[in-house]
Structure formats: C-alpha cells, structure tokens
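Please build the complete structure, drawing on both the sequences and the hints.
Listed in order, the protein sequences are those of chains A and P.
FYI, in numbering that gives the first Met the number 0 the residues of the first sequence are 0 to 167.
FYI, in numbering that gives the first Met the number 0 the residues of the second sequence are 0 to 251.
Quick caveat, the hints were computed from the structure, so don't treat them as lab data.
This structure is a prediction, so every number in the text was calculated from the model and none was measured.
Careful: at least some of the hints might be erroneous.
Subject to a maximum C-alpha distance of 25 Å in a straight line, what follows is the list of computed DSS-like cross-link-like pairs (lysine-lysine) [to be verified]:
#, chain 1, residue 1, chain 2, residue 2
1, A, 98, P, 219
2, A, 62, P, 84
3, P, 221, A, 149
4, P, 219, A, 149
5, A, 62, P, 112
6, A, 62, P, 221
7, A, 101, P, 219
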Amino acid sequence: MKIGLKKSLLVLSAAVFFAACTPVAHKEIGEQRNILSSLEGTWKLTKATQVDEAAKAKGFPFKELDITNLFPYTDFKLTLTLNAGAPGTFTTIPGASPKIIKLTSGTWTVDDAQQPKNITLSSGATSEVVTLGGYPVAASNTLKVKVERKEAATGKVVISYSYEFAKQ
Amino acid sequence: MKKLLFLTLFISAAFFTKAQNPVFSPSTFTAEDQITLTYDVTGTGMAGATEAYIWLWGNAGDSPLNTSWTNSPDAARMTAAGTNKWSFTFTATLLYGLPPAAFTNFRFLVKKKDGSAQTPDQGPFNFDPLVFVPTMLRVFPGKVGADDVVTVNFDKAYGVTTNEQRMTPTTATITMIDDAGNNVGSPLTIAVRKTGETIWSATYIPSLSFTPGAGRKLFKFKYKFNGTLLDTGGATISVTSSESEVTFTTMQ
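Below, the structure is given as structure tokens:
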C-alpha cells in the first residue's frame with residue numbers, strides 16, 4: 000500500500016513537472032514606441048524649476064526653487080514638427096515669458112532617433128541643446144526638458160532648469 | 000566748442016572708469032577650486048617690472064611660498080598676462096596642504112624677487128564655503144550668470160543689528176554694476192515675498208532688468224532689504240539692512 004502511494008505521488012509529480020514545461024503563447028508586444036512622433040506638436044510650458052546643482056552636490060538645504068509663477072513662464076510655447084518621420088523644424092513663442100530657449104525658429108535634431116536624450120535646436124550657426132527628462136508616451140502627456148548652465152571657467156554644471164510642457 | 004565737449008567727456012570717462020582689478024577665474028571659488036588671479040600692476044611700484052612674484056597670505060596664515068621677502072622662490076613666480084599684467088594659478092588646499100575648512104579668505108601682493116618693489120595689499124578675498132553657513136543675506140543659486148533667475152533672500156534670524164532682527168522686509172533694492180565699475184541704470188526696487196518663518200525673498204533676472212552700456216557687460220550687483228519696524232513709541236519706522244555684493248559667474 001505504501002509502495003502504491005509512493006508510485007502515485009511520483010507519477011503526479013512527473014505530470015505536474017512536464018505540464019509546467021508546456022509552451023505558453025505570449026501576446027504580441029506591439030510596435031516599438033515612436034518617440035519622435037510623440038514629440039511632434041505644440042507644447043505649452045506648465046512648470047519651471049531651478050536647481051542649484053552645486054548646492055545639491057554639497058547637500059546644502061536650499062537646492063531647488065519652483066519659479067513657475069515668479070515670471071509668466073506658462074506663456075512659453077514650443078512647436079516641433081517632423082519631416083517624413085524625422086526631426087524637422089521648430090518654433091518658439093515666448094509671449095511674456097523669459098526666453099528659456101533663445102532661438103525663435105530653425106531646425107531640430109536628436110542624438111538618437113530611437114531613444115533620444117538630447118534635442119539640438121539650430122538656427123544658422125547658433126544652436127542650443129536641451130536634455131529630455133521624460134518622453135510624452137503611453138499614460139504620460141508631459142514633455143520634460145532640462146537646460147544646464149555650465150560655469151565657463153570650470154565646465155561644471157552649476158545650475159539647471161527643468162521645464163514641463165503639456166501638449167496643446 | 001563741440002571738440003571741447005568731446006574732450007571733456009572723454010577725460011571724464013577715463014577718469015571715472017575703473018576696470019575690475021584683480022580678476023579671478025572662476026569669479027567665485029572654494030578652497031578646493033583652482034584659481035587663476037590676474038592683476039594689473041599699472042600705477043603701482045611694480046609697473047614696468049620684467050618679472051613678478053606673488054606674496055600670499057590669509058586667515059590660514061602665510062602661504063608656503065612666502066619663504067623670504069628678499070628672495071622669493073621660483074614657485075612664487077607669476078606669469079606675464081599682458082603689459083603690466085601678471086597672473087598666478089593655485090589651489091588653496093594644495094598650496095597650504097590644509098583641509099578646506101581651514102580657509103575663509105586670502106590676500107596677496109605682487110613683488111620683485113628681492114622685495115625692492117611691491118604693489119599695495121589686495122583683498123581679503125573670500126572662499127565660498129564647502130559647508131552651508133546660514134547668513135542673513137543669501138543669493139540663490141549660489142553662482143549666477145546675468146541671464147539667470149536670481150533670488151535674493153533675507154533671513155532675520157541671522158540679523159546682525161537689532162533693526163535687522165526686528166524688521167519686516169517689504170522690498171529689496173538691487174544696484175547693478177558693469178565690468179568698468181560703473182552703475183548700470185537706476186537701482187531696481189522689487190517687492191519681497193515671505194518664503195519661510197523668518198525668510199523673505201525677491202526674484203529678478205538681471206539681463207531683463209538692466210541693460211549695460213555699449214561694449215560693457217553686467218559684472219556684479221549689490222542688494223539690500225528695506226522694511227519697517229515699530230519703535231519704542233509704537234510708531235512705524237523705515238529701516239534698511241546691510242548690503243551684500245554678488246559677482247556674476249560667466250556661463251558657457
């Protein structure tokens with residue numbers, strides 16, 4: 000009787016083991032996210048934050064300041080267009096806002112079309128680089144960009160500005 | 000008559016124009032930063048000298064370069080940076096072999112190797128702290144360029160005088176100075192906002208509020224806070240804090 004029970008348990012274990020090896024059909028993961036197309040459109044600034052990077056590195060108490068309402072930053076609009084799926088032209092309309100991007104129009108490029116980190120805005124020989132802080136994909140409808148200010152003498156980033164935009 | 004007017008204006012401009020001297024790069028620094036100081040010795044006992052040596056001291060005492068007044072070492076020799084201009088590069092912690100906490104400020108003069116000629120003493124020049132030191136007047140961020148958002152802060156908890164400890168700030172006054180040492184426009188008075196239990200702040204963007212003259216650039220600003228307090232008789236009186244000065248950092 001004991002031997003019969005052992006055999007039964009062995010057969011049951013083997014059945015469970017092999018059943019576990021049965022292939023499972025995975026669902027399709029869908030198309031790769033197209034970051035560039037998610038950047039296309041007109042964006043309105045909703046939040047501006049200034050960070051003292053030197054104070055942050057030293058652990059000082061005053062590191063960050065929300066400057067959104069100190070100046071009319073929310074007037075600022077940025078429009079990015081695509082040209083056949085590739086970065087095309089841009090325009091900025093500051094309104095009464097400080098010019099967080101000095102260039103008013105030109106062309107834009109990215110460092111990596113699949114996973115862009117930096118956007119370079121150019122007009123003639125002048126260019127400005129903004130760093131992407133978050134892609135406006137899936138549930139997020141917010142474009143986050145960061146502008147760094149480097150001390151000329153040392154090349155160190157001493158201040159950064161983070162800007163959040165909502166799609167219009 | 001017109002020529003005379005131009006001549007008068009030219010002489011006046013030359014008389015009142017005072018360039019920044021010495022010049023530091025970077026403009027603000029901690030004791031751990033490499034500093035290059037450039038000093039124009041025109042009009043001093045070192046004008047026309049063919050070589051120059053630095054004599055440097057401060058709250059941490061004499062630098063190790065101050066070995067002998069009549070025989071400065073080669074390590075103290077300065078580099079020519081133009082007619083009558085000499086520069087010297089050093090890092091305080093490395094020069095002295097002391098931790099950054101040992102430094103508050105430094106002074107210097109420029110001399111001949113044998114000490115037969117020298118400039119007047121320069122300084123004291125303050126090092127930026129490596130640990131946060133709360134003060135009555137503080138600028139945020141700690142290093143700012145002329146195009147940045149600049150917030151000046153007044154914390155009466157660290158007021159020095161009784162007026163500063165008791166006053167309720169209402170405005171801040173900003174005085175802008177260009178790289179020739181001249182005031183730029185009129186002082187700017189801006190309303191303050193309360194940002195802490197004992198802190199009031201005012202924010203501005205230098206390049207939006209001040210326009211330097213042709214060929215000049217915004218170099219530094221002074222700021223102070225204005226407010227009121229009740230005197231012993233219960234009357235409201237106007238008071239002003241002491242003033243602090245901030246030199247702009249050149250940004251890339």
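Hint check:
| no. | hint | verdict |
| --- | --- | --- |
| 1 | 98/A - 219/P | 22 Å, holds |
| 2 | 62/A - 84/P | 38 Å, violated |
| 3 | 221/P - 149/A | 23 Å, holds |
| 4 | 219/P - 149/A | 18 Å, holds |
| 5 | 62/A - 112/P | 46 Å, violated |
| 6 | 62/A - 221/P | 22 Å, holds |
| 7 | 101/A - 219/P | 23 Å, holds |
Hints 2 and 5, counting from the list given before, are not met by this structure.
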